[in-house]
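*Asks:* Chains as they are written, first to last, in the numbering used here: chain C, 1 to 381; chain V, 382 to 552; chain P, 553 to 833.
In case anyone wonders, no lab produced these hints; they're calculated from the structure.
Check before you lean on any hint, since a few could be wrong.
Just the calculated beta-carbon pair ranges, DEER-fashion [stated by the list, open to error]:
1) V:G410 to C:D218: 41 to 51 Å
2) P:G582 to C:E249: 23 to 33 Å
3) P:E823 to C:A250: 47 to 57 Å
4) C:T118 to P:T702: 24 to 34 Å
5) V:T445 to C:E251: 50 to 60 Å
6) P:T573 to C:S255: 18 to 28 Å
Here are a few chain V residues that face chain C, going by a calculated C-beta distance under 8 Å [stated by the list, open to error]:
7) L397
8) G403
9) E404
10) A407
11) N412
12) V413
13) Q415
14) T416
15) Y440
16) D441
17) M443
18) T445
19) L499
20) L501
Straight-line alpha carbon distances no greater than 35 Å define the calculated DSBU-like cross-link-like pairs of lysine-lysine that follow [unchecked claim]:
21) P:K742 to C:K246
22) P:K748 to C:K203
23) C:K266 to C:K200
24) C:K244 to P:K826
25) C:K205 to P:K598
26) P:K696 to C:K203
27) C:K374 to C:K301
28) C:K203 to C:K269
29) C:K203 to P:K564
30) C:K209 to P:K743
31) C:K205 to P:K747
32) C:K374 to V:K541
33) P:K770 to P:K822
34) C:K205 to P:K560
35) P:K560 to C:K246
36) P:K696 to P:K791
37) C:K209 to P:K747
38) P:K743 to P:K560
In this text the structure is predicted, and so the values were computed from the model without any measurement.
We put the beta carbon where it would ideally sit given N, CA and C, even for glycine.
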Amino acid sequence: MRYPFSVGRSDFIQGDEAIARAAILAGCRFYAGYPITPASEIFEAMALYMPLVDGVSIQMEDELGSIAAVIGASWTGAKAMTATSGPGFSLMMENLGYAVMTETPMVVVDVQRGGPSTGQPTLAAQGDVMQAIWGTHGDHSIIVLTPATVQEAFDMTIRAFNLAEKYRTPVVLLTDGEVGHMRERVNIPDPDEIERIYRKIPKSKEQGKYPFRDWDGDGVPPMPVFGRGYRAYITGLTHDERGKPKTVEAEIHESLIRRIVDKIEKNKKDIIDYETFDLDDADVAIVSYGIASRSAIRAVKILRKEGIKAGLLKLNVVWPFDFEMIERIAERVNRIYVAEMNLGQVYHLVKEGANGKAEVELIPKIGGEVHTPKDIIERVR
Amino acid sequence: MTQIRIAGFGGQGVILAGVILGEAAAIEGLNVLQTQDYGSQSRGGHSVADVIISREPLYDVMVTKADVLMAMSQIGYNGAIDSLREGGTLIIDTDLVKSDREFIGAPFTRLAEEKVGLALTVNMVALGYLVAKTGIVKKESVEEAIRRRVPRGTEEINLKAFRIGYEEGAK
Amino acid sequence: MYLESSYKIRDKYLRTDMLPTMFCPGCGIGSVLQFTLRSIEELGWKQDEVVWVSGIGCSSRVPGYVNFDGLHTTHGRALAFATGIKMANPDLKVVVFAGDGDMSAIGGNHFIHAIRRNLDVTVILINNFTYGMTGGQVAPTALKGLKGTTAPYGNFENPFDISQLAVAAGANYVARWSVFNYVQGMNSIKKALQKKGFSLVEFLSPCPVSFGRRNRMKTAPELIRWYQKITVPISKAKKMSPEELEGKVIIGEFVDRDRPSLDEEYERYKERAKKLMGWEE
Chain C
1 MRYPFSVGRS
11 DFIQGDEAIA
21 RAAILAGCRF
31 YAGYPITPAS
41 EIFEAMALYM
51 PLVDGVSIQM
61 EDELGSIAAV
71 IGASWTGAKA
81 MTATSGPGFS
91 LMMENLGYAV
101 MTETPMVVVD
111 VQRGGPSTGQ
121 PTLAAQGDVM
131 QAIWGTHGDH
141 SIIVLTPATV
151 QEAFDMTIRA
161 FNLAEKYRTP
171 VVLLTDGEVG
181 HMRERVNIPD
191 PDEIERIYRK
201 IPKSKEQGKY
211 PFRDWDGDGV
221 PPMPVFGRGY
231 RAYITGLTHD
241 ERGKPKTVEA
251 EIHESLIRRI
261 VDKIEKNKKD
271 IIDYETFDLD
281 DADVAIVSYG
291 IASRSAIRAV
301 KILRKEGIKA
311 GLLKLNVVWP
321 FDFEMIERIA
331 ERVNRIYVAE
341 MNLGQVYHLV
351 KEGANGKAEV
361 ELIPKIGGEV
371 HTPKDIIERV
381 R
Chain V
382 MTQIRIAGFG
392 GQGVILAGVI
402 LGEAAAIEGL
412 NVLQTQDYGS
422 QSRGGHSVAD
432 VIISREPLYD
442 VMVTKADVLM
452 AMSQIGYNGA
462 IDSLREGGTL
472 IIDTDLVKSD
482 REFIGAPFTR
492 LAEEKVGLAL
502 TVNMVALGYL
512 VAKTGIVKKE
522 SVEEAIRRRV
532 PRGTEEINLK
542 AFRIGYEEGA
552 K
Chain P
553 MYLESSYKIR
563 DKYLRTDMLP
573 TMFCPGCGIG
583 SVLQFTLRSI
593 EELGWKQDEV
603 VWVSGIGCSS
613 RVPGYVNFDG
623 LHTTHGRALA
633 FATGIKMANP
643 DLKVVVFAGD
653 GDMSAIGGNH
663 FIHAIRRNLD
673 VTVILINNFT
683 YGMTGGQVAP
693 TALKGLKGTT
703 APYGNFENPF
713 DISQLAVAAG
723 ANYVARWSVF
733 NYVQGMNSIK
743 KALQKKGFSL
753 VEFLSPCPVS
763 FGRRNRMKTA
773 PELIRWYQKI
783 TVPISKAKKM
793 SPEELEGKVI
803 IGEFVDRDRP
813 SLDEEYERYK
823 ERAKKLMGWE
833 E
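Please model the entire structure based on the sequences and the hints provided.
*Replies:* Below you can see the structure in the form of structure tokens.
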């Protein structure tokens with residue numbers, strides 16, 4: 001396999017570019033998008049690369065269409081992705097729910113910018129966390145990854161595809177304009193060394209006829225591929241295991257939705273990823289994620305030098321959420337600070353997790369600039 | 382860790398200079414981050430490229446106190462001078478920037494016009510000067526970065542401009 | 553025209569375990585579905601190479617009843633989903649079954665852009681001038697003066713002519729008939745299915761329960777008689793003045809051409825990209 005960029009060595013590239021290259025290395029061969037700052041560079045890279053690797057890159061009429069095309073492509077067996085920012089992400093909520101309900105693997109990248117509405121197109125924010133988790137209507141669960149560096153943007157894109165395929169679910173890669181536009185040195189591995197997961201497909205016509213039956217007991221039904229004789233029927237209406245619409249039977253709705261939620265919530269251990277810095281003996285914990293966590297790491301190092309026993313929990317996945325882990329941390333520390341580029345989103349999750357065992361305080365930042373280490377130090381000190 | 386800020390106006394190639402400096406550091410295996418800030422205008426507004434280079438893991442995402450500030454225009458200088466740390470190195474285009482702080486520099490734009498023969502290469506002239514004065518990365522790494530990053534067919538003139546700036550800085 | 557027995561069509565193409573349909577007595581969707589299945593039968597298409605896609609509405613429930621791969625999507629978005637299916641696997645034949653509200657209101661933008669791109673799909677469009685499933689609200693196709701629950705005193709807006717819209721946007725094949733014109737309708741569907749690029753066959757289709765009742769036409773025969781009154785064949789319409797055509801619906805074949813389809817263009821685009829980048833094998 002020939003790639004239109006160098007592999008097996010490091011490169012100096014933007015976060016958006018890293019996401020595009022990682023997607024192609026993960027096996028993504030369908031991209032549909034609509035121009036939007038600060039995500040357009042992902043699309044432009046895909047437009048450059050996809051025709052060369054016999055993939056498709058297509059500009060749709062809007063973001064409603066982009067995500068719809070991606071879902072359609074996924075049902076032909078393709079790994080597919082779209083990328084956008086807040087205003088487009090809002091438009092995608094409808095079909096994100098369709099992807100959840102029909103259990104369609106796909107990756108949606110949201111390169112966050114200041115909002116609400118058109119907001120601050122060129123500046124970074126972390127204001128879409130709750131939207132990524134809960135933005136589409138109805139009960140559901142979803143997976144949301146939050147890279148803090150260009151290397152993480154690369155690595156987490158590959159992971160996003162693997163999680164999407166493994167759990168037959170949409171995955172949101174929630175990054176921001178800062179990570180999207182910054183350039184860093186990124187290690188692009190040898191393609192043969194990349195772990196790639198592919199969705200389970202039905203082992204028989206009979207399995208294909210029931211695309212929503214938990215054949216393997218892991219909550220993840222094998223997914224038919226259109227055009228291979230399964231004659232699957234897929235609908236966003238509440239459906240039985242056959243895919244037949246059953247819109248008034250409470251028990252069918254309950255068993256479908258509980259399975260869709262459980263396949264993610266019961267696999268938290270596999271999905272959740274985090275890193276800690278100086279947290280083991282800390283008196284004060286900082287919880288942060290994405291771009292804000294970089295300043296938090298620096299802040300912890302400076303606070304330690306000053307003799308303050310601070311530690312950091314850096315979340316790489318903000319949903320599913322490990323409430324129990326937060327409670328265990330809350331039992332050990334006096335206080336937890338949540339540093340995020342919004343007016344309090346993950347803060348509420350942490351507060352729920354802390355369960356009153358420690359005070360939880362927010363270190364917010366809005367306006368477009370990332371927290372400085374000083375912003376955090378002054379609150380903690 | 383070294384924080385470098387390059388400030389000028391849109392169209393001077395400030396960001397490309399920052400990208401090439403960053404690429405050179407990456408070629409040397411250093412940890413490096415490059416960001417940019419520009420007005421909504423493509424031409425004529427302020428334009429800033431930040432480069433942070435470090436042997437340690439790099440967490441910082443912005444230039445907080447620049448060790449090196451290179452101002453290629455007055456508008457860039459005015460917006461960035463407060464970010465230069467005390468005792469930091471100030472490099473200016475001596476024809477275009479007036480400063481009341483201690484500085485080094487050369488008439489980069491004039492050198493690009495007269496010695497290179499193309500005013501557009503001012504960014505490479507200035508970058509050559511910066512690299513010679515600071516030694517932050519090796520000359521050869523920058524030359525490799527230029528070959529990778531400039532539009533095909535313009536490698537030689539950009540390399541020439543970089544070397545002219547470098548010689549000026551090495552004087 | 554030789555017609556296969558209805559039993560054969562039913563047994564071959566319908567999912568018996570998904571029946572009965574949700575369609576009301578007098579509904580025209582079943583007729584149009586039959587025309588479509590008979591056309592597929594006559595063309596000898598294999599069921600496993602065809603994907604049916606739909607949005608939301610009564611007609612959009614059709615993919616559930618037919619024994620093909622089917623994607624029943626969100627309101628108005630069927631053609632955007634179909635774009636992904638067709639472009640990711642151009643070997644698949646894609647049939648989009650849609651209603652007038654789905655295609656011309658909420659899905660209007662996807663509709664014109666799918667046509668502009670000349671996406672290789674066939675849209676079978678049920679035009680009943682109303683939102684049948686939600687109880688008879690006026691649709692953007694409703695002629696002036698027709699009643700619906702959201703225009704109880706008679707529609708005061710101008711209607712969309714979906715077929716003309718498709719012609720203007722660049723479709724390769726467009727025809728409109730009423731369900732009463734079943735021979736012409738089936739011939740048009742066969743042409744449309746075989747056509748590369750975007751094809752549309754629109755049917756005026758009775759909805760006595762949600763639409764007819766509110767417009768003094770309580771049964772399908774009354775609606776069909778009304779269609780006979782308001783439709784004008786395209787050959788005759790050419791000789792009529794705009795005043796004479798006021799309140800009429802033109803039926804017939806509006807366009808039949810062969811512009812390259814999106815997937816054909818994309819194949820060439822890939823070749824161009826490889827050539828420009830020096831990637832030829």
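*Asks:* Can L397 of chain V be said to touch chain C, with a Cβ gap under 8 Å?
*Replies:* 12 Å, violated
*Asks:* Does L501 of chain V meet its interface restraint, that is, does its C-beta lie within less than 8 Å of any C-beta in chain C?
*Replies:* 22 Å, violated
*Asks:* Return the status of the interface hint for N412 of chain V: holds when the least beta-carbon distance to chain C is below 8 Å, violated otherwise.
*Replies:* This interface hint holds because 6 Å falls under the 8 Å limit.
*Asks:* With a cut-off of 35 Å on the C-alpha distance, tell me whether K203 of chain C and K269 of chain C pass.
*Replies:* 28 Å, holds
*Asks:* Looking only at beta-carbon atoms, does the pair G410 of chain V, D218 of chain C fall within the given range of 41 to 51 Å?
*Replies:* Between G410 of chain V and D218 of chain C, where Cβ atoms are some 43 Å apart, the hint holds.
*Asks:* Do the numbers back the hint for G403 of chain V, that is, is its least Cβ distance to chain C under 8 Å?
*Replies:* This interface hint holds because 6 Å falls under the 8 Å limit.
*Asks:* Hold the hint about Q415 of chain V up to the distance rule: shortest CB distance to chain C must be less than 8 Å.
*Replies:* 4 Å, holds
*Asks:* K560 of chain P and K246 of chain C were given as a pair; does the straight-line alpha-carbon distance stay at or below 35 Å?
*Replies:* Judged against 35 Å, a Cα distance of about 28 Å means the pair holds.
*Asks:* Under 8 Å, Cβ to Cβ, is where Y440 of chain V needs to be relative to chain C, so tell me if that hint holds or is violated.
*Replies:* With Cβ-Cβ at 4 Å, under 8 Å, it holds.
*Asks:* Does K560 of chain P lie within 35 Å of K743 of chain P when you go C-alpha to C-alpha?
*Replies:* Since the Cα atoms of K743 of chain P and K560 of chain P sit roughly 23 Å apart, the hinted pair holds (cutoff 35 Å).
*Asks:* For the hint on M443 of chain V, does the least C-beta distance to chain C fall short of 8 Å?
*Replies:* 6 Å, holds
*Asks:* Okay, T573 of chain P versus S255 of chain C on CB: inside 18 to 28 Å?
*Replies:* 25 Å, holds
Hint compliance for this structure: hints 7, 19, 20, 24, 26, 32 and 33 are broken, all remaining hints hold.
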